[in-house]
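*Asks:* Now for the letters of each chain:
Number of protein chains: 2
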Amino acid sequence: MRDVAIIGCGMTKFGRLEGKDLMDLLAEASLRAIDDAGAGERDFDSVYVGNMMAGELVHQTAVASALVDRINLIPAGAERVENGPASGASAVKNGFFAVSSGASDLVLVAGGEKMTAADTDVIGDLVSTMTHPTAEYVHGVTLPAMAAMLTRLYMERYGVTERHLAMVAVKNHANALKNPYAHLHRECTIEGAMSSIMIADPLRLYYACPISDGAAAVVLCPLEKANEFTDKPVRIAGFGHASDVQTLQEREDPAVLKSVQLASQQAFKMAKLEPNDIDVVETHDAFEILEIVQSEDAGFFEKGKGHLAVEKGVTALNGKLPINPSGGLKAKGHPVGATGVAQIVELVWQLRGEAGERQVKNPKRGFACNFGGFGNNTVIHILERGW
Amino acid sequence: MRDVAIIGCGMTKFGRLEGKDLMDLLAEASLRAIDDAGAGERDFDSVYVGNMMAGELVHQTAVASALVDRINLIPAGAERVENGPASGASAVKNGFFAVSSGASDLVLVAGGEKMTAADTDVIGDLVSTMTHPTAEYVHGVTLPAMAAMLTRLYMERYGVTERHLAMVAVKNHANALKNPYAHLHRECTIEGAMSSIMIADPLRLYYACPISDGAAAVVLCPLEKANEFTDKPVRIAGFGHASDVQTLQEREDPAVLKSVQLASQQAFKMAKLEPNDIDVVETHDAFEILEIVQSEDAGFFEKGKGHLAVEKGVTALNGKLPINPSGGLKAKGHPVGATGVAQIVELVWQLRGEAGERQVKNPKRGFACNFGGFGNNTVIHILERGW
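Those protein sequences? They're chains A and B, same order as listed.
The opening position of the first sequence corresponds to residue 367 in our numbering, with each subsequent residue numbered one higher.
The opening position of the second sequence corresponds to residue 367 in our numbering, with each subsequent residue numbered one higher.
Where hints are given, some of them may not hold.
Listed below are several chain B residues computed to face chain A (Cβ distance under 10 Å; list not exhaustive) [what the hints assert, rightly or not]:
no., residue
1, N417
2, D435
3, L439
4, K459
5, M496
6, G606
7, D610
Bear in mind the hints are in silico, worked out from the structure with no lab data behind them.
Just so you know, even glycine gets a beta-carbon here, dropped at the ideal spot from N, CA and C.
Using the sequences plus the hints, can you model the full thing?
*Replies:* If you want it as structure tokens, here you go:
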């Protein structure tokens with residue numbers, strides 16, 4: 367297996383991006399990544415597009431074919447990868463395979479979603495189509511409802527309080543204020559979060575991510591060729607990918623994200639690293655409880671102790687293990703297909719020391735958790751400085 | 367790059383399959399492939415699902431997560447691959463990468479579509495969403511209309527007649543009569559085809575594929591481990607994948623399927639083979655003109671001479687180069703996401719000598735052309751006996 371490097375990355379601002387359609391967003395992020403890699407004159411072998419629901423949201427299929435045409439990467443082979451909210455990281459994983467197998471020498475991976483093409487209630491329904499069709503969806507189960515149940519369980523079992531959720535939101539909003547690409551540039555206070563409207567008891571509006579448009583992209587090549595493009599290649603040191611039982615109520619323990627545990631273990635094993643070796647983390651905090659639970663199941667904190675790490679500032683930008691320096695899904699935004707790619711873009715910027723005001727101090731290794739379904743399909747990547 | 371073998375395959379019957387939903391179809395084909403591989407007790411590393419429009423047709427996303435749960439392949443990593451009508455072959459290609467990279471030792475690739483979940487006019491519209499959104503789709507361009515234009519061009523330039531289209535249909539219907547998995551078990555005569563209703567002049571109903579439900583699946587592993595499962599492994603000797611300009615009117619020559627040419631050349635180069643070395647072919651005859659054009663652009667016949675090969679019986683079941691022994695998309699059916707996988711299943715059966723009444727005489731190598739968009743994204747596979 368050839369070592370794979372990320373040699374370029376780029377993204378659009380996330381937000382309600384009026385006047386830009388899905389192809390505009392994918393093209394913008396892709397061209398920035400290609401430009402960042404200095405690969406504008408090169409021939410790409412493969413293009414992967416992470417996208418969850420272009421057909422449903424903007425009535426367009428085969429978006430990967432459209433993207434290679436739009437940004438003139440013909441005749442590169444191209445396809446779209448869909449894995450619910452983990453579509454972005456799944457696309458990166460397959461781009462990694464294309465390079466590591468020896469089949470491709472230059473690969474573009476873009477992820478994007480035009481969420482605001484539909485009304486909020488339509489979005490709520492579409493996102494729910496990833497749940498079990500007969501055991502969950504038809505009964506009206508929604509993702510916020512699932513997150514609310516997990517939150518309640520964590521409160522009862524581990525002593526998590528609403529204040530802890532608010533603390534995660536406050537941290538991530540503060541980080542997003544330092545990220546020009548973030549959707550929400552708005553200070554959030556504990557009191558403000560705790561007085562926001564209730565959407566699924568005990569979840570308030572501020573304990574969930576917004577609905578955002580956006581795209582992100584990375585360029586991959588074999589590590590041995592990375593120096594043709596950059597003196598700061600970021601190596602994909604490990605990945606993990608695991609699935610779990612789809613319906614929440616059938617899981618052995620609904621408070622355990624087994625796919626996060628397994629995928630993290632796989633990634634650490636492949637990278638020959640341990641959680642202690644990681645300097646910066648991006649988690650999939652579509653709901654704030656998920657940042658806490660993922661930080662435990664990935665192995666960074668003991669089960670049931672993640673909220674205490676938040677309380678002590680361990681996960682703050684200047685803490686021992688900064689989590690979601692980008693602002694996370696909570697405040698950077700969550701254009702579903704873009705998210706997994708955007709997490710990796712943030713880690714690359716952090717490892718290169720290019721994260722501006724939100725720069726974590728001299729990180730060597732980063733960890734990204736992209737979470738599909740309600741935790742039944744998780745993709746993990748571990749990135750490492752290649753210089 | 368590790369050599370990759372197909373060690374098991376299976377499919378559902380294609381057709382209007384009332385009472386079976388998308389997951390039923392994917393599960394049925396997958397379990398048959400796993401059973402065929404004798405891999406029921408093994409742990410799968412990865413699952414790929416080729417599917418074009420589950421979200422649009424059956425209001426379900428993340429179908430790969432649902433499949434691993436349904437057939438108990440948890441915790442295998444799983445994702446869906448979408449590449450319009452080439453979704454199936456794109457899924458196989460990525461399964462190939464997962465194994466050839468060394469990341470996975472046992473991979474399931476399934477493809478499926480539940481087309482009859484929607485009315486025919488809705489299907490027509492949904493399929494058109496793969497065309498260029500502003501240069502084609504909004505103007506009402508449909509796939510049959512594109513095929514009609516290509517047919518007209520071929521008639522004017524190369525002397526193809528309506529009778530040649532009918533000959534392809536007659537051949538493929540005859541083959542399908544020998545294929546228990548085919549959708550249309552109905553003899554077709556030249557006169558019958560030429561008197562069927564006109565759908566897009568000069569295309570009549572019998573020069574186009576039907577709307578079918580169905581699924582197909584293959585199991586992949588490293589060739590070096592294939593003997594743990596079977597004494598008849600089929601090696602994926604080569605693949606090719608190329609894109610082209612999306613809008614038909616902007617192509618250098620709309621009568622040339624450049625992506626078919628390039629992807630075929632890539633596949634032959636990788637396999638160190640030439641068109642002459644191929645014994646059996648499956649093409650993407652969503653429209654009968656496409657079988658003719660693809661057989662030329664893949665390199666089997668001179669440009670403009672494909673229809674003469676049909677006329678001379680070269681492409682018949684007992685001809686020198688049998689094309690679409692399965693019945694092709696025309697008569698086997700075209701459940702979009704299943705098609706690319708089903709082409710490969712047919713080739714495996716042919717190479718193993720298990721194709722029953724439609725068995726081609728002692729083939730050693732097969733070639734499959736799965737065609738995305740209207741030819742702007744083509745995936746080719748070359749299979750070879752591994753024993």
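*Asks:* Next, verify each hint and record whether it holds.
*Replies:* To see whether the hints hold, each was checked on the structure:
Hint status for N417 of chain B relative to chain A: holds, with the closest Cβ pair at about 8 Å, below 10 Å. For D435 of chain B, the suggested interface contact is upheld, since its CB lies about 4 Å from the closest CB of chain A, less than 10 Å. The criterion of a C-beta within 10 Å of any C-beta in chain A is met by L439 of chain B, whose closest approach is roughly 8 Å, and the hint holds. Restraint check, K459 of chain B versus chain A: the minimum CB separation of about 8 Å is within 10 Å; hint holds.
Hint on M496 of chain B holds. Least Cβ distance to chain A is approximately 4 Å, under the 10 Å limit. A cut of 10 Å between beta carbons decides the hint on G606 of chain B: the least distance to chain A is about 8 Å, and the hint holds. For D610 of chain B, the suggested interface contact is upheld, since its CB lies about 6 Å from the closest CB of chain A, less than 10 Å.
The earlier numbered hints are all upheld by this structure, with none contradicted.
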